[in-house]
Amino acid sequence: MKHFRPTRHVALAALAVLAVVVAVVAGSATAKTSGTTLTISNWDAYTPKDLIPKFEKATGIKVKLAKHTTNEDIMGKLEAQNGGGYDIVFVSGPFAESLKKRGWAARLDHEQIPNLKNLYPAASRLSYDLGNKYSVPYTWGTTGLCWRSDLTKTPTSWNDLLKPSSDLKGKTTMLATDRWLLLPALKVLGYSINTVNPAQLKQAAALLKETKKTLLAYDDTTFYSKLVSGEAKLVEAWDGWCNYGIGENPKIKFKIPKEGSDVFVDTMVVLEKSKNKEAAHKFLDWVLRADSGKAVTELVLYKTPNAVAMAQVKKSLGKQYPNLLIPPKLLLTFQTERDLGKAQPLWSRTVSEIVG
Amino acid sequence: MRRGRLRNTALVSPALLWWAGLLVLPVGLVLAYSFFQRGTYGGVVYDWTFDNYRRAFDSLYLSVLWFSLRVAVETTVISLLIGYPVALFVATRPARWRTVLLVLIILPFWTSLLIRTYAWIVLLNDAGLINRVLRGSGLVDEPVRLLYNEFAIVIGMVSTYLPLMVLPIYAALERLGPELGEASADLGANAWKRLWTVMVPLTLPGIAAGCIFVFVPTLGNFLIPDLLGGGRRQMVGNLIQGQFLKARDWPFGATLAVSLIAMLLVLVLVQGWLTRRGADREEAPIAV
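Residue numbers (the working numbering), protein chains in the order written: chain A, 1 to 356; chain B, 1001 to 1288.
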């Protein structure tokens, strides 16, 4: 019997075996999520067209994209399914907080989302979910005044909307959703946008009841087209939606009133009931890639809290839509919306008092 | 005998199941929810309470109800004033024309309510077709505010629910036939008198049915006040929808819904009574 002498061939063979083993193990890791289907609900027209096909191609995970119109809409759907029915939902900060407190949001495993490093550090310090334990920010922005610069003078204060000059009467709109319907009055009065103090809410309601007489409408969805058509000259608007107006008519401008405003964050939440958490984490990580974030800003015209992505956004876009350049530093001087908890019925009664 | 009863039960069971599953059960759930409480972060806490009903009698919600009733009454009256002549016109055409006309009346239902409502926005807004015509013809200098007010809400409601008024009245008129009208004309009643003393009393059940068909959905509609009213006025429908979706206060939303159902039930009972009375009248000549 010859002595067994390890040769180069043996070494190569050993390497080959090792390679196969690694490939199989790695393959089974992707195979575990490949072929699974994620059900995701996002706002209509809020996902860049290419995002999902690219993700599906790279990971082999199928995505069923459902659409909701408002936070309230998706919360209602979750309520009816007792926190199930989806793997990931896109909701604003206070709603992510509410999902967390009801035990419907899954605790995120940051090791599975390495691209979290792309976020501005400030994006992990948002009070509705400190440290992004249950939610990952997708876009953020603020609420301000959006106006036709050829039809009215530059507004400076929320009072330009709340107590409009005579030429603006019947030519303004305010947002219809509770939080933003009250925001301008709360800012003018110097109160927290999350106040649960009945006296403060009463005072805000009294102010807004007077404002209602001067409004064209409460409008959450078509205010920018009212500006484009000239039906309205000045509207309360989310910065990103004002951009849809600016895109159609460059005479439309956006400004944050001097009293300040809010910072709202639209987030992604993995549901506790999801059976595909690993695939869901992969999706979150995919959205946090620089190229995904860039696509979100360039196509949806909202700022993303993704520092690397924002640095890559086309410079010309910032010129056309100046509010994309609002620095995170300024944004974060504003308060962010929190879940109102037990005070929610008080808020909705206040809104009924104003609108009813 | 027994077999016949079994067969009858079998035949009725799909309808019974439908009725139990899609009407009794949901309404029962709504009724049950109205006695529970909202959790801190939404959801339902199963602790009994009557507090929701106390909250519902807040003057604020009563004023919303009052506005809704006003819109529903206005819509019903206008629909009746337009609907009765239309039904009369259709019922007096030759048979082959009637089918065509009826199809034309039902046709709008084939389009989504949302689209029909948006169409009104296109027509009524300050820069819309009607205002362009008014200004183009020099009748007005400033655009007339036609949209985002009660007027626009009522227009939207009437255009949506008018067919529901026309159809039952048409059915009643057709059943009546032309003979009684001709007879009363022979006896010297003029057209006006024929309408008021013969047609209207005898078609009262149809009128009552039409009024209910228009009144009930108008009261509960929340889309039209949102879009055509510009969200500046709330109706009961908006209030209920808001409690379920915005406030995530299902128990209170259920309470408002139960109150509305109770009110409408009274109306349906009145309509039922009118119909029965109408039926008695129809049978009366035979009895004599």
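If you are wondering where the hints come from, they were derived from the structure by calculation, not from laboratory data. Predicted model, so just to flag it, every value in this text is computed and none were measured. Just so you know, even glycine gets a beta-carbon here, dropped at the ideal spot from N, CA and C. It is possible that some hints are incorrect.
[What the hints assert, rightly or not] Residues from chain B shown here face chain A by an in silico Cβ test under 10 Å; the list is partial:
#1 D1126
#2 L1147
#3 Q1243
Outcome of the hint check:
1. Proximity of B/D1126 to chain A holds as hinted, the smallest CB-CB distance being about 5 Å (cut-off 10 Å).
2. Taking 10 Å as the C-beta cut-off, the interface hint given for B/L1147 holds, the closest approach to chain A being about 8 Å.
3. Restraint check, B/Q1243 versus chain A: the minimum CB separation of about 7 Å is within 10 Å; hint holds.
In this structure, every one of the numbered hints holds.
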